[in-house]
Amino acid sequence: MLLRDCPVISKRKPESMALFAVFQTTFLLTLLSLRTHQSEVLAENLLLTPEAFKVSVNSAQRCLHLQWTVHNLPYNQEFKMIFQIQISRTETSNVIWMGNYSTTVKWNETVHWSWESELPLECAAHFVRIRSVVDDARFPEWNFWSSWSSWQEVNVQDSTGQDTLFVFPKDKLVEEGSNVTICYISGNIQNDISCYLEGEQIHGEQLDPHVSTFKLENVPFIRKGGTNIYCEEKQRKAISNGTVLFVSKVLEEPKDFSCETRDFKTLICTWDPGANTALDWSKQPSQSYTLFESYSGKKKHCEEKNRCNWQITQDSQEIYNFTLITENYLRKRSVNLLFNLTHRVHPMSPFSVQFENISATSAVMTWKLHSLGDYFTLLCQVELHGEGKMIQQHNVSVKANGKYLLNELEPNTEYVAQVHCADDNHFWKWSEWSGRDFTTPEAAPSEAPDVWRTMKSGSHNVTLFWKPLSKFHANGKILFYNVAVENLDKPSRLEHRSIPAPANSTELTLDGCSYQIRVTASNSAGASPAAVIVVPAAPGNKEVEEEIIEGTEDGFSMSWKPQSGDVMGYVVEWCDRPQDPLCDFQWKKLGPNTTSTVISSDAFRPGVRYNFRIYELSTKRIAHLLERKTGYTRELAPSDNPHVVTNNLTSHSFTLSWKNYSTKSQPAFIRGYHVYLKSKEEQCQPGAEKAVLPDDTVCCQYKIDNPEQKTFTVENLKPESFYEFLVTPHTSFSEGPSGTFTKVRTPDEYPYMLVHVIVPVVICVVLLVCGCLLKSQWMKDKCYPDIPDPYKSSVLSLIKSKENPHRTIMSISDCIPDAIEVVNKQEGSKIQSLGTRKSLTEPELTKLSYLYLLPTEKNYSGPGPCICFENYTYNQAASDCASCGHAPVSPEAPPSQWGLLTSSENLLKALEKNYMNSLGEIPAGETTLNYVSQLASPMSGDKDSLSTNALVPPPCSEYKMQMAVPLCLASPPPTENSDLSSITLLGPSEHYR
Amino acid sequence: MPTQTTGRTLLSLVLGLLFASMAAMGSCPGDFHVLLGQLQKQAHAMQDPSSLLDPYMRIQGLDFPQLREHCTERPGAFPSEGALRGLGRRGFLRTLDATLGLVLRRLAAVQQQLPEAGRLGRPPAARPRAQDLEMLKMARLNILGLRNNIFCMSRLLGSSWDVAEPTQAAPGTSPPPTPDPGAFQRKLEGCRFLRGYHRVLSSAGQVFGEWGKSPSQGHRHRPPRALPEDASRARPSRRGRRLVPRGQLPR
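Listed in order, the protein sequences are those of chains A and B.
Under numbering that gives the first Met the number 0, the first residue of the first sequence is numbered 0, with each subsequent residue one higher.
Under numbering that gives the first Met the number 0, the first residue of the second sequence is numbered 0, with each subsequent residue one higher.
These are computed hints drawn from the structure, not numbers from a lab.
Hints may be right or wrong, so weigh each one.
Stated by the list, open to error - The calculated lysine to aspartate or glutamate pairs, modelled on DMTMM-like cross-linking and capped at a C-alpha distance of 25 Å, are:
#, chain 1, residue 1, chain 2, residue 2
1, A, 588, A, 506
2, A, 233, A, 199
3, A, 331, A, 255
4, A, 466, A, 542
5, A, 282, B, 179
6, A, 455, A, 542
7, A, 233, B, 131
8, A, 428, A, 695
9, A, 476, A, 355
10, A, 282, B, 131
11, A, 742, A, 785
12, A, 214, A, 170
13, A, 282, B, 53
14, A, 466, A, 292
15, A, 264, A, 317
16, A, 282, B, 188
17, A, 560, A, 579
18, A, 233, B, 68
19, A, 233, B, 133
20, A, 470, A, 449
21, A, 282, A, 216
22, A, 476, A, 510
23, A, 588, A, 553
24, A, 233, B, 80
25, A, 264, A, 232
26, A, 297, A, 255
27, A, 331, A, 175
28, A, 282, B, 209
29, A, 428, A, 373
30, A, 282, B, 30
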């Protein structure tokens, strides 16, 4: 096979080879047919055999160079001949290639031919032989093959008997993507050998017992240092040998080849060289670049890899045809460029850029250019930049020096103006920019500051606020703000105040008059137009209902209804940080035709309540509050629960109070409260619902939908029970945190009774006692007057005078009762007698008076016989006492209502013993109130039966000591529960003792 | 790991430049221990294969386990540690200087064979190679710095030493011209040479360490004649016995 690296004399294509085979067959047949006729010239055939056949080797290029001559050709004649060549490897019989080479030869001329082997020639011995035939129509008699030459052996590496391993080819240079065959020759080494390419084993085929070959296809570029291939003996584990395959990158065609001139003296050609194909170990240097101009025939080797300068001669050459040639050891490439020199002018950048006549709004820019000749006109582009962006762009046609007036500039602004130029006739490239910066001077502010005010209610303090003017309107640095205050109600001097910048507010204290306030901003060049605001004498802000609005992350959208047609505009005011004391007051002014707006601010935060006031600004510049709005950009869940105080704790209820809880400072609108109550009771009270808490506990939930209701009474509780409660606010979408429940224990009822019953009773008693003490004399007179001395009685004198002068008054102690008169009277008359008891001083005094013994049964009501004692001396007193303290009592009345008498019974009982023991021994003076009855017959049956049958009046068969007790000593009617600490009421059993 | 390597290389570069500049200005440290400490540090830093051998192997494509295994010091190419210990101090310094001189020359030859991607633009794949080439440059500066300190130590020990004439191997020690063994063998030989270089520096570090332990050297600069035994070793009669490296980096 022939490769390009070998100095090839002839090449034959595969098609030619096929044709050759056909031709050869035909030729042989012809030869056989003619053999008889040509036998006579056979001897001459040998003469056409190539002679002086030699084979030389270029092992680096794997080439076999063959040379031979053909003798015996006619002198001075050329013959067209065909040479057939056979190449064998390892042994002559192993023909690996056979081909024909056609050429014209002369007598004794040496013919050369080369063949390149795929396999490095060192890997195996090669054998070559050749024969020829005359292929010339002029000499058909010569048209037969000569004899073969003898085999020529080519043996580059003789490793026979060596103990060294060889790897071939050595340091081969190939291009990336090539196919390469390598081999190793092991000589006498008997061990197994493994070969590696960049650390990875490669596998090949064995050519003979000592030679193995490896075909590497499409080899990649790995490094400049080459691709390492090495073999090692497995048993020894020693690197036996290796080789380096130097793979070069494919040489690229130069890209973007271009030439231009900047001064008509030099052409500068540039290109993109692509990858460097240089390799280490000097295997291949970087590719070279050469510039060739075809019209002038000049050539220049370029020092740099991406540019080359070409000197322009003064021979007025306008058209240039350049060829850029790049080459390395493996490849050569070129690109072409044809151009007119005048179309490749790249002007040099302008210089000496200056500014003249700089005013607040204009400036003149000038610049100079490098001359390109009188016939050249340049197009220059002027750009004006401000604040980092381009503001203006202008094109100017220039011959030598440029000039341009920059208009519409802003005062007090820094600008950068720059210019670049290009050939106006044949645009090729802009020059580099040249520029300078300049600053315009200040001008008076062009707009009045935006002014607003706040007024404290109930005072005449006005705080004026203004916003700093934008840079566009300030026209310079604002130095101070002027505030002029004019009284509109009475003529007075204007009050001026100058506030240095950057202050944005001032406070004015006004009286009750109307004022017009004018605010201007001033810089070094002058003052701005005035902002005017009027503060009326009476603000007259009516109460406006607050409306809840819903905000979003983008702000608050709100609208309002105009109230009057005489409107100059509207103002919306709010605080960006309402929780701060300074609140960061803000406002927004809107036109008269605007009835809605969106208020947005970077300061707005979720969970913060923002309050907005919308003012209507009249044409007289007076503001009237129109509407109030409040809302959140986003409501958040309440972060804390109210601090709850427990009041009015009773055994059946308690009251919860959280009056200090401010609903307005919460992160959402509080819609009400939830009261959670935990108890041992399974059922919830009416008004409560069962609720499951996050911890899965069940409790009762009371809902309060009024956020201003901050008390709640929990009722229908059980005494002496534990309850737990939690009050949490709720908003439209959530409620407060699930906090800690507070424990409450309801008290028992006894202390309640003590407080509510005993205390009033004691107070009453104390009051009664006090009253009695205060009226003691009166009470004594009324209830227990002094008992008259019988010896001083008028009766005594009467008896003495009428009956027996010797008669003496009998002492009671001397009197032994021996007879009892029992008067059985109807109940009706008895009651009547009680009810109609009269004073002993009345005329009936002489009649027998009876003190009725009452039956012991408390419920006695029926008629029956009663026992009466006659007592002349005491009748009147007892009667009096009854009249003052004892109201008529119906028989049906319960025993308690008989208190006075019952009490008397007790007293009598207390005295009964004395009587029984020493009856008759009691002096009359000491026993004036004691009357003793004798039990007629004890009651049969037990005491309980008596008690239970108390409502059945028994016959008057019982006697009992009885005493009349003054009313004042009687206890009040006992209640059911009264504690009988002072007076003991005896039970029925004691009565019968 | 690359960061550590770079940091260490940077440190050694700074040290190398510092010492080189000191020597260039003619200002050697006067304190034996200070100078010895610097020599120890330099030897310690430069014995690390990551300072020279590893970048060399990466550049040459030898950083594969099989090849790394076979990149061993060729016996006899450099003096052994025992041989270095056996030398007198000045002889040791001369030998070390000669070794470093040889390394410098071979290193320069290697660098000449390695074109940089520089002017044609450097593709991303070439960046690791550029870093390795930079490390070779730094290694060269480090060797220069160490040689200068060796010169200073030699002066401190009282030896006359013409620094302008770097120590050459004795005539006749150059290997005879041999047929080109091929790039692969030259790469491998360079690898073995550098392995020996790092080993020699390690041995030199050990020897310097022993100098520090020796109580006899715990003093400041001695006058030249204060070290008679070293002076005698530095005589021309001994020069012929000086050990020189025989290994080479591929040219």
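Original post:
Of the hints stated earlier, which fail here?
Top reply: When the structure is compared with the hints, numbers 4, 7, 8, 11, 14, 17, 19, 22, 24, 25, 28, 30 turn out to be violated.
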